[in-house]
Amino acid sequence: MNKLLLTTAALALSASFAMAETTRLGTEGAYPPYNFINDSGEVDGFERELGDELCKRAKLTCEWVTNDWDSIIPNLVSGNYDVIIAGMSITDERDEVIDFTQNYTQPDPSGYLAASADVDIKNGVIAAQTGTIQASFVASTGATLVEFATPEETIAAVRNGEADAVLADKAYLGPVADEDDGLVLLEQEELIGGGVGLGIRESDGELKATLDAAIQSMKDDGSLNAMIEKWEIGVKF
Amino acid sequence: MFSYCTDPNALSGLTWLSCYLTTGKHMAFYFSFGTVLLLLAITAPVALLFGFFGASAARSHILPLRWFGKTYIALVRGVPDIAFFLFFVIALDQMIEWTRHKILCPEWTEPVRQGNDFVVCQAAKMPLGSAPQWVHETYGFTLAVFTFAIVFGAFAANVMFGAMRAVPRAQMETAEAYGMTRRQAFRRILVPQMWVYALPGLGNLWMVLIKATPLLFLLGVEDIVYWAREMGGSKTSKFTEYPHGDWRMWYFFALLVFYLCFTRISEIFLERVMKRLTKGQATTGGEAQRKAPA
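If you read the sequences in order, they're chains A and B. This note's numbering puts the first residue of the first sequence at 1, with every later residue one more than the last. This note's numbering puts the first residue of the second sequence at 1, with every later residue one more than the last.
These are computed hints drawn from the structure, not numbers from a lab. Incorrect hints may have been included.
Said to hold, decoys possible - One-sided and incomplete, this derived list gives chain B residues near chain A with beta-carbon spacing under 8 Å:
(1) M27
(2) Y72
(3) N116
(4) S130
(5) Q133
(6) F217
(7) G220
(8) G233
(9) S237
(10) K238
(11) D246
Ideal Cβ positions, reconstructed from N, Cα and C, are used throughout, including at glycine.
Please take these sequences and the hints and turn them into a complete structure.
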């Protein structure tokens, strides 16, 4: 009996050693409300809360890492972190390089933020962040695309007149428009993207399955909807 | 930080500013100045060492060593810094992990390269997946120092290569006449005298190195430029206690002042070193010093 107890204890111990493996979550930290750096210098936002909850449900120990948007996929692929959680929409183009979990936000229409309501979107100059679905959308229309490395710079481009409007997720543009009288959200919206998902290495099928299950459980018990509502991300599930 | 900072919205003027400038985020910003200074403090001597050995190799009488030195100088000097930083660091990191993988996980049968992915066993990860965040940061920082040292070492090697040639031939001949071996002449005559010729070039490099530190963020180290950009960006009241507009100008202005002060101090320091090194040298500077007291 004693021996049996000892063996189970040893087994439990070795199991917990295996659990000590840290999953590193990579984010941009510059795209509120999805992810941003709060006053105390930590990653905060919808995805911070979501990621922490997912890790809890999947019984993973997680660590947050910030990385430039430009190199966020290459750094995942080379193994600097294990998950991209950075408001990244699921697209076929990205899916060729990495894998996505199921989406944790609904496909959300992107909005235009401009200095005045009568801006010519069709032929004007539109700012977007490099490597986003919005950037490739603008490139496919007749408008002139100007790209910037960070979301912040796209807004600054509209403020200083370099661009007529900026195309981005409405959840990001909303709070900006609320506090700046000089900027308005246009009525026109573009339905692009297939919702936001977690980006995972293609070889990491196990992690993908674990996180998929965790997202599903959050969808099922409504806790994901509560978070979406709290951070005003958009349409609920 | 201060006790009156609990409700920043009620504050104004200097009290607000004092609270704003002492948030955890700002502390990280101030801390990153230390990171940059530490990087410079470590990189400069290491790069100098690389440069010295590069230059010695390039003028060696052993052919393969000479090839090695010359290739190092030509190759690294020719590749753009930014390409070097993006490519070399990832390659170096993968090489380390690949080697550890081969040694630590011989039973592993799956290929390391799976499509786009670079997959090694958990034990070969560098640093280990279970390591705390500071280990990852230190590792990144070390890679940064090493990369900076290689890049700037190549430039330093070229400068010193030239400086070694600039030492008057007569000095070396005299050494030979005294019966010194090549090695002795190198150590006793050439090296002490070359610094005066190398210093202007090395001083330049130091200045360039100071200004090249923002490349750190490419390597995942959060440096002062990253924080200035992050904190200067406009903040809406929804996501921060301290909303403000686009303040990047002020943050970058602070960086400008920092860099100018730092380079000015460096200039003064380098001038002093130059004065010391010139003493008793067969250069116009040395000659002027010799005549001055008379």
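Each hint, compared with the structure:
At its closest, the beta carbon of M27/B sits 7 Å from a beta carbon of chain A; the interface hint therefore holds under the 8 Å criterion. Taken as an interface hint, Y72/B does not check out: its beta carbon lies about 25 Å from the nearest beta carbon of chain A, beyond 8 Å. Taken as an interface hint, N116/B checks out: its beta carbon lies about 5 Å from the nearest beta carbon of chain A, inside 8 Å. Contact between S130/B and chain A, as hinted, is supported at the beta carbon level, the nearest pair being about 5 Å apart and thus within 8 Å.
Because the closest C-beta pair between Q133/B and chain A is about 6 Å apart, less than 8 Å, the hint holds. A cut of 8 Å between beta carbons decides the hint on F217/B: the least distance to chain A is about 7 Å, and the hint holds. Restraint check, G220/B versus chain A: the minimum CB separation of about 7 Å is within 8 Å; hint holds. A hinted interface residue such as G233/B counts as satisfied when its beta carbon comes closer than 8 Å to some beta carbon of chain A; here the least separation is about 4 Å, so the hint holds.
Hint status for S237/B: holds, given a least beta-carbon distance of 7 Å to chain A, under 8 Å. The interface hint given for K238/B holds, since its Cβ lies 5 Å from the closest Cβ of chain A, which is under the 8 Å cut-off. For D246/B, the interface hint holds, the least distance from its beta-carbon to any beta-carbon of chain A being 6 Å, beneath 8 Å.
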